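Student: Here's the letter readout for the chains.
Number of protein chains: 2
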Amino acid sequence: MAYDAPVEDIAFSLEGVAGIGKLAGLPGHEAYDPDLIAPILEEAAKLARDILAPLNQTGDSQGARLQDGGVIAANGFREAYAAFRDGGWMGLAAPEEWGGQGLPRALALGVMEMFHAANMAFGLCPMLSYGAIEALLAHGTPEQQKTYLPKLVSGDWTGTMNLTEPQAGSDVGALVTKAVPNADGSYAITGQKIFITWGDHDLTENIIHLVLARLPDAPAGSRGISLFIVPKFLVNADGTLGVRNPVRCIGLEKKMGIHASPTCVMEYSGASGWLIGEANKGLACMFTMMNSARLNVGLEGVAVGEAAYQAAFAYAQERKQGKVEGVSGPAPILHHADIRRTLITMRARVAAARAICYATGVAADLANASKNPSERKSAKAREDLLTPIAKAWSTDVGVDVASMGVQVHGGMGFMNETLAAQLYRDARIAPIYEGTNGIQAIDLVGRKLALTGGASMRDMITEIDETVRLARSTNDPQFVQIADRLWAASKALGEATDWMLARLKAEEQDKALAGATAYLALAGDVIGGHFLARAALASRSKAADFRARQTALAGFFAETVLATAPGRVPGITEGGDRFLSSSSALFGID
Amino acid sequence: MAYDAPVEDIAFSLEGVAGIGKLAGLPGHEAYDPDLIAPILEEAAKLARDILAPLNQTGDSQGARLQDGGVIAANGFREAYAAFRDGGWMGLAAPEEWGGQGLPRALALGVMEMFHAANMAFGLCPMLSYGAIEALLAHGTPEQQKTYLPKLVSGDWTGTMNLTEPQAGSDVGALVTKAVPNADGSYAITGQKIFITWGDHDLTENIIHLVLARLPDAPAGSRGISLFIVPKFLVNADGTLGVRNPVRCIGLEKKMGIHASPTCVMEYSGASGWLIGEANKGLACMFTMMNSARLNVGLEGVAVGEAAYQAAFAYAQERKQGKVEGVSGPAPILHHADIRRTLITMRARVAAARAICYATGVAADLANASKNPSERKSAKAREDLLTPIAKAWSTDVGVDVASMGVQVHGGMGFMNETLAAQLYRDARIAPIYEGTNGIQAIDLVGRKLALTGGASMRDMITEIDETVRLARSTNDPQFVQIADRLWAASKALGEATDWMLARLKAEEQDKALAGATAYLALAGDVIGGHFLARAALASRSKAADFRARQTALAGFFAETVLATAPGRVPGITEGGDRFLSSSSALFGID
Chain A
1 MAYDAPVEDI
11 AFSLEGVAGI
21 GKLAGLPGHE
31 AYDPDLIAPI
41 LEEAAKLARD
51 ILAPLNQTGD
61 SQGARLQDGG
71 VIAANGFREA
81 YAAFRDGGWM
91 GLAAPEEWGG
101 QGLPRALALG
111 VMEMFHAANM
121 AFGLCPMLSY
131 GAIEALLAHG
141 TPEQQKTYLP
151 KLVSGDWTGT
161 MNLTEPQAGS
171 DVGALVTKAV
181 PNADGSYAIT
191 GQKIFITWGD
201 HDLTENIIHL
211 VLARLPDAPA
221 GSRGISLFIV
231 PKFLVNADGT
241 LGVRNPVRCI
251 GLEKKMGIHA
261 SPTCVMEYSG
271 ASGWLIGEAN
281 KGLACMFTMM
291 NSARLNVGLE
301 GVAVGEAAYQ
311 AAFAYAQERK
321 QGKVEGVSGP
331 APILHHADIR
341 RTLITMRARV
351 AAARAICYAT
361 GVAADLANAS
371 KNPSERKSAK
381 AREDLLTPIA
391 KAWSTDVGVD
401 VASMGVQVHG
411 GMGFMNETLA
421 AQLYRDARIA
431 PIYEGTNGIQ
441 AIDLVGRKLA
451 LTGGASMRDM
461 ITEIDETVRL
471 ARSTNDPQFV
481 QIADRLWAAS
491 KALGEATDWM
501 LARLKAEEQD
511 KALAGATAYL
521 ALAGDVIGGH
531 FLARAALASR
541 SKAADFRARQ
551 TALAGFFAET
561 VLATAPGRVP
571 GITEGGDRFL
581 SSSSALFGID
Chain B
1 MAYDAPVEDI
11 AFSLEGVAGI
21 GKLAGLPGHE
31 AYDPDLIAPI
41 LEEAAKLARD
51 ILAPLNQTGD
61 SQGARLQDGG
71 VIAANGFREA
81 YAAFRDGGWM
91 GLAAPEEWGG
101 QGLPRALALG
111 VMEMFHAANM
121 AFGLCPMLSY
131 GAIEALLAHG
141 TPEQQKTYLP
151 KLVSGDWTGT
161 MNLTEPQAGS
171 DVGALVTKAV
181 PNADGSYAIT
191 GQKIFITWGD
201 HDLTENIIHL
211 VLARLPDAPA
221 GSRGISLFIV
231 PKFLVNADGT
241 LGVRNPVRCI
251 GLEKKMGIHA
261 SPTCVMEYSG
271 ASGWLIGEAN
281 KGLACMFTMM
291 NSARLNVGLE
301 GVAVGEAAYQ
311 AAFAYAQERK
321 QGKVEGVSGP
331 APILHHADIR
341 RTLITMRARV
351 AAARAICYAT
361 GVAADLANAS
371 KNPSERKSAK
381 AREDLLTPIA
391 KAWSTDVGVD
401 VASMGVQVHG
411 GMGFMNETLA
421 AQLYRDARIA
431 PIYEGTNGIQ
441 AIDLVGRKLA
451 LTGGASMRDM
461 ITEIDETVRL
471 ARSTNDPQFV
481 QIADRLWAAS
491 KALGEATDWM
501 LARLKAEEQD
511 KALAGATAYL
521 ALAGDVIGGH
531 FLARAALASR
541 SKAADFRARQ
551 TALAGFFAET
561 VLATAPGRVP
571 GITEGGDRFL
581 SSSSALFGID
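Protein sequences appear in the order of chains A and B. With the first letter of the first sequence counted as 1, position 371 gets the number 371 in the working numbering; the numbers rise by one all the way through. With the first letter of the second sequence counted as 1, position 450 gets the number 450 in the working numbering; the numbers rise by one all the way through.
There could be a bad hint or two in this list.
With a cut-off of at most 20 Å between alpha-carbon atoms, the simulated DMTMM-like pairs for lysine to aspartate or glutamate come out as follows [said to hold, decoys possible]:
1) B:Lys323 to A:Asp171
2) B:Lys320 to A:Glu165
3) A:Lys323 to B:Glu495
4) A:Lys323 to B:Asp510
5) B:Lys323 to A:Glu507
6) A:Lys254 to B:Glu495
7) B:Lys505 to A:Glu325
8) A:Lys46 to A:Asp4
9) A:Lys320 to B:Glu165
10) B:Lys323 to A:Asp4
11) A:Lys323 to B:Glu507
12) B:Lys505 to B:Glu495
13) B:Lys542 to B:Asp35
Chain A residues, not near chain B, derived (Cβ > 10 Å throughout) [claimed, not checked]:
14) Lys22
15) Leu26
16) Glu30
17) Thr141
18) Pro150
19) Ser170
20) Ala188
21) Gly322
22) Gln407
23) Gly410
24) Gly413
25) Glu417
26) Arg425
27) Thr452
28) Arg568
Derived by calculation from the structure, the hints in this document are not laboratory data. Only a predicted model underlies this, so the values are computations on that prediction, with no experimental measurement involved. All C-beta atoms in this analysis are idealised placements derived from N, C-alpha and C, irrespective of residue type, glycine included.
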């Protein structure tokens, strides 16, 4: 069964929950017309269903391959990329000045969810290009922008991010790739980078690598890193392609999933590069792209989860086992209560993750475009707060939901080429790359809470309490029950937040970090439950079935997840003591 | 890094937690001497470490293959099996009468945990043989026992279980394989079976298939199924091998994991079979093996979890990233709080699952061997109650812990041939086979609770409350805190149990089954936490580090898992209403 994008759910989450309507009329989004949302999503859904989804399993079986010094994409990917490029999808959220459509980032997220769901290995390629576009927009010189942006925005070229080295993963500051100044103002880049997604391929005539490297006189650690543009083919002054730069893919990783996405070992042998942004400020430049890349990875969790849900739902309709009252003959397993519980669990978690990601996207758009400086500031704080949650919580959802999808398939789910099995394998990378989920938790507590003194989380909690008030004011018993659970969960999140802030204030960083992952999980649950409640409230103007579905999802999530929130505070506030204080007995170290 | 069996943990769990000591001196276990436990476990640990573990990753890469009509095991497996056979491991828990050692089943579980952890694909072969031995012991005629048991117990032959057909998975009653009586008292078996583990191989000269099939005049459904012995080679009266029976492996499944375990499509073309047990009572015979097989699959969850923990711990010691106070230069990631939280989570959950499985094994032994009929009866009730929990809860632990193991490895964990990735792939089958975990939940609620009116669960809860009393009576604040959490969790389990029983009494079967999986998860958590608390109490006589470790594991589990128990009752008691009542809006069906 092929992936068919849930256009109605995506549009509703963007409009009714994340509030994309707020972006209408803002500078840079002049082209944005709320009436465009549906047709754009419908068009993207066609590309996802007709072009990308049919290549998902063949891409998994075949994978990309390294041949004669270059990477060849799996069959059909070249043509699919051409369709993607010709549809103008790369420039959806890029400025019109550079050939883009100037539409909100949040809308592009809705589109990218579909592409990732249909074919995550494919989706990674534009995702990385978008990161390069953002870095150039934020930090490129006018000349750099003119040289690279039009071709990146049109999709004629793709972009990559080159951070990781064997000894420098989560600790980017440990990288050793060198950048030595040339006489002409360029730099000679030498070193090896690993885990470079779509680092080489035959989809486009050029690839623009953004590479972190170290100048000869750079300070040690993360304050001595600079960012460079290193094109595969140098670009002549007239825009034509010049000589081949000495940067090569020298190996492809054999991965558990996303086989059609080439994960390259890249060797830079004195390749010509150009500094982007300030010297030794490369990490800051990279962080510009990182927020956006992290949100996009979170979206992969949503996407893989949705694909897993659809595959499981379809299988549950087809597969017949056992008898069920009211069904003659063997019943589709969809009629068994336990299968239904699994399916509603999958759907509720995916919907919550989707809402978190889109709300982060709308916040990012507002932070850029709002005319009101204080709204820009608060939107930026919201984006900063939600980004690590969107990344970590949604990708954990992706893994768990993909695992549930395998389970619904029974023995068939364990066959390597069943879509459910592929999604289980594909999903597993998302909690790892773009900063492991542990790093996200450290970011949430050690930066996002610490730098604002908790203000951005308190604002979030105030908004949750407003949802509680709205739900109670309906006087509908279903909503009142959801409100009661959300209220208790919000108090739990507040309590855990106060504890975290007290630890940070007391400079008990180790205790705060020891509870960080459990804190992030709680925050994601409570914020996710809040968005589902908002969705249920917003759905009251919709058709009966749609309303009933949103209410069932919010109610189920409240009963099964929000209700556990108060009991999870001790795991955050006390759990760490066990492994901080018994480290010798547990780990053989002090 | 190679798997090294945690002999001390296994022995402690068997002795200090599951109470294997109770079996000393019982009929059938005359050979059992508690002083034998350590040397037997040590010897098994050597086989696991030196012979089986080194073949785990090569077996994964190479897999078994079908060639010239027969299955060839991965390189080294023949020799490894010979070492296993020559060590007498197959007969460890088999009666001395048939060449076994007459040791407790529970002790064999300790040994099998090691073999599964070292190489789950290998461990499946003896696991299935053991099932065949049990079926023959319980239901075979004296002649059948004499013909097959000595060779199965010695490991000269292996055994298989043939239940599944394409249309008959969880619904075994839908099978159509035919058994037509021959003039000589045998039956001609014709049909196709799928998902047959180690259905063919070149490790031994003969394979004894136990096959469910339908007699010509059999009633429809599960009451018309009979069990047959179908040897690969017929056995002559003098014990030598006769003609090749027309049963063949005609295909191998391409699976996500356990590649070295051949999963066969078996074709029976009028193969000679002999009825075992009564006609049309095959399912009951199969259930004899099933309890034991389910417990063994639960043990696979423990084993894969332990292997994943060891691999993650080793990686965390080696891999250096970032700076940590008190460590000069880049610190091993083991020093980061978040990695430690992950490791202690893995270890606590594995220890809890281990204790549940071993306690089930001791109950099974007591149910067979106790001299006291009322003890036999209560032990049987305990075995019946714990078996679905041991199977489902432990295999869910296996999947979750394997996923955490991948996470600790970062990008390396996603490389297909990293052990962590293999374990994530291998682990995923265990919640599916031998009755999906959803089937286990239905068994727990629909049979185990229903048939005893909840008495066996109430006995379990009484035992948990006794642990609470013991922990409180220590007056040690650490234990008192654990006791408080265990007490609240025990009340929650009691409340959920009462609700389940009320639904069953009111014939609201659908509501009971809608909450079954969440109820099983809660029961596993509470019972697991109880065993960890028991372990901590029992460890007070041990060395300081051991004691500190057991107390940290029990405390961490209490804070992070037991503390959530009260909040999980609504998910059981209310959650089902959402998907039972909104099925049209959610699933498009009434």
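Student: Checking a non-interface call: every C-beta of chain B should be farther than 10 Å from the C-beta of A:Gly413. Is that right?
Tutor: violated (7 Å)
Student: Quick one: work out the minimum CB distance from A:Lys22 to chain B and report holds if it exceeds 10 Å, violated otherwise.
Tutor: At roughly 29 Å from the nearest Cβ of chain B, A:Lys22 sits farther out than 10 Å, so the non-interface label holds.
Student: Does A:Glu30 clear chain B by more than 10 Å, comparing its Cβ with all Cβ atoms of that chain?
Tutor: Label holds. Min Cβ-Cβ 39 Å, cutoff 10 Å.
Student: Are all beta-carbon distances from A:Gly410 to chain B longer than 10 Å?
Tutor: violated (6 Å)
Student: Please work out if B:Lys323 and A:Glu507 have their alpha carbons no farther apart than 20 Å.
Tutor: Holds, at about 17 Å.
Student: If I take the minimum Cβ distance from A:Thr141 to any residue of chain B, is it greater than 10 Å?
Tutor: holds (33 Å)
Student: Has the given pair, B:Lys505 with A:Glu325, been kept, meaning a C-alpha gap of at most 20 Å?
Tutor: holds (18 Å)
Student: Quick check for students: does the CB of A:Ser170 sit more than 10 Å from each CB in chain B?
Tutor: violated (5 Å)
Student: Please verify whether B:Lys323 and A:Asp4 have alpha carbons no more than 20 Å apart.
Tutor: Between B:Lys323 and A:Asp4 the Cα gap is close to 46 Å, so the pair fails against 20 Å, i.e. violated.
Student: Does the claim that A:Arg425 lies off the interface hold, with its Cβ farther than 10 Å from every Cβ of chain B?
Tutor: violated (7 Å)
Student: Would you mind confirming whether the straight-line C-alpha gap from B:Lys505 to B:Glu495 stays at or under 20 Å?
Tutor: holds (15 Å)
Student: For A:Thr452, which was marked as not at the interface, is the minimum beta-carbon distance to chain B over 10 Å?
Tutor: holds (21 Å)
Violated hints for the displayed structure, listed by number in ascending order: 3, 6, 10, 19, 21, 22, 23, 24, 25, 26, 28.
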